[in-house]
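All chains, full assembly: derive it from the sequences and hints.
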Amino acid sequence: MNDTHLFFPLFVDLTEKKVVVVGGGTIAARRIRTLLPFCRRITVLSPSLDPSLQKLPDGQSLIWIQDSYQKEALSGAAIVLACTDDPSLNEEICRDGRMAGALVNSCSKKQQCDFYFPGILRKDPVVVGITASGQDHHLARMVRERIQSSVMEDSDI
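Going by my numbering, 142 is the number at position 142 of the sequence shown; the sequence numbering is gapless.
Rather than coming from a laboratory, the hints here were simulated on the basis of the structure. There's no promise every hint is true.
As a list, the in silico DSS-like pairs of lysine-lysine whose alpha-carbon atoms are at most 25 Å apart [what the hints assert, rightly or not]: (1) Lys55 x Lys110; (2) Lys18 x Lys71; (3) Lys55 x Lys17; (4) Lys71 x Lys110; (5) Lys109 x Lys18; (6) Lys71 x Lys123; (7) Lys18 x Lys110; (8) Lys18 x Lys55; (9) Lys110 x Lys17; (10) Lys17 x Lys123; (11) Lys55 x Lys109.
Just so you know, these numbers come straight off a predicted model, no measurement behind them.
Structure, rendered in structure tokens:
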């Protein structure tokens, strides 16, 4: 039997959902930028924040709590991202997030993830998400780029 878990592609409305990101570095910034078009606001809990997130486009909102991790910040969250540079802290954040009823994603250990971040292609109203089940990020990017070049050439989409 194959031990690889297949992840079901699920498109969910995050507009009014509470999304909490713990950590404010490069990986957190990349995941936040991916989520921002789909969320009204994202709460970031981190002593520091990646400079790329200091100025966001109009309509995109980030609530930065300039502090270290506190599990109380996860209360009511639908999604929790553990994006610190400390794997044991990320594990704790994932455990606390699940206890709070949230889906969790860890940047340091894919086995702790309830979901993966797909490669995203958007051309309104179409949204395409691509994943290689967390196994091969390069393959997922290559497929996204192929789809992107095909979709961008088709003026009917």
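Structure-based check of all given hints:
The straight-line distance between the Cα atoms of Lys55 and Lys110 is roughly 30 Å, outside the 25 Å bound, and the hint therefore fails. Among the hinted pairs, Lys18 with Lys71 is consistent with the structure: their alpha-carbon atoms are about 14 Å apart, no more than 25 Å. A distance of roughly 22 Å separates the Cα atoms of Lys55 and Lys17; the hinted pair therefore holds under the 25 Å criterion. Distance restraint check for Lys71 and Lys110: the Cα-Cα separation of roughly 21 Å lies within the 25 Å cut-off, and the hinted pair is therefore satisfied.
Restraint check for Lys109 and Lys18: the C-alpha separation of about 23 Å stays at or below 25 Å, so the hint holds. Between the alpha carbons of Lys71 and Lys123 the distance comes to roughly 37 Å, so the proposed pair goes past 25 Å and is violated. Proposed proximity of Lys18 and Lys110 is supported: the alpha carbons are some 22 Å apart, at most 25 Å. Simply put, Lys18 and Lys55 have alpha-carbon atoms about 21 Å apart, close enough for the 25 Å limit, and the pair holds.
For the proposed pair Lys110 and Lys17, the alpha carbon gap of about 23 Å is at most 25 Å, so the pair holds. Between Lys17 and Lys123 the alpha-carbon distance is near 23 Å, which keeps this suggested pair within the 25 Å criterion. Between the alpha carbons of Lys55 and Lys109 the distance comes to roughly 30 Å, so the proposed pair goes past 25 Å and is violated.
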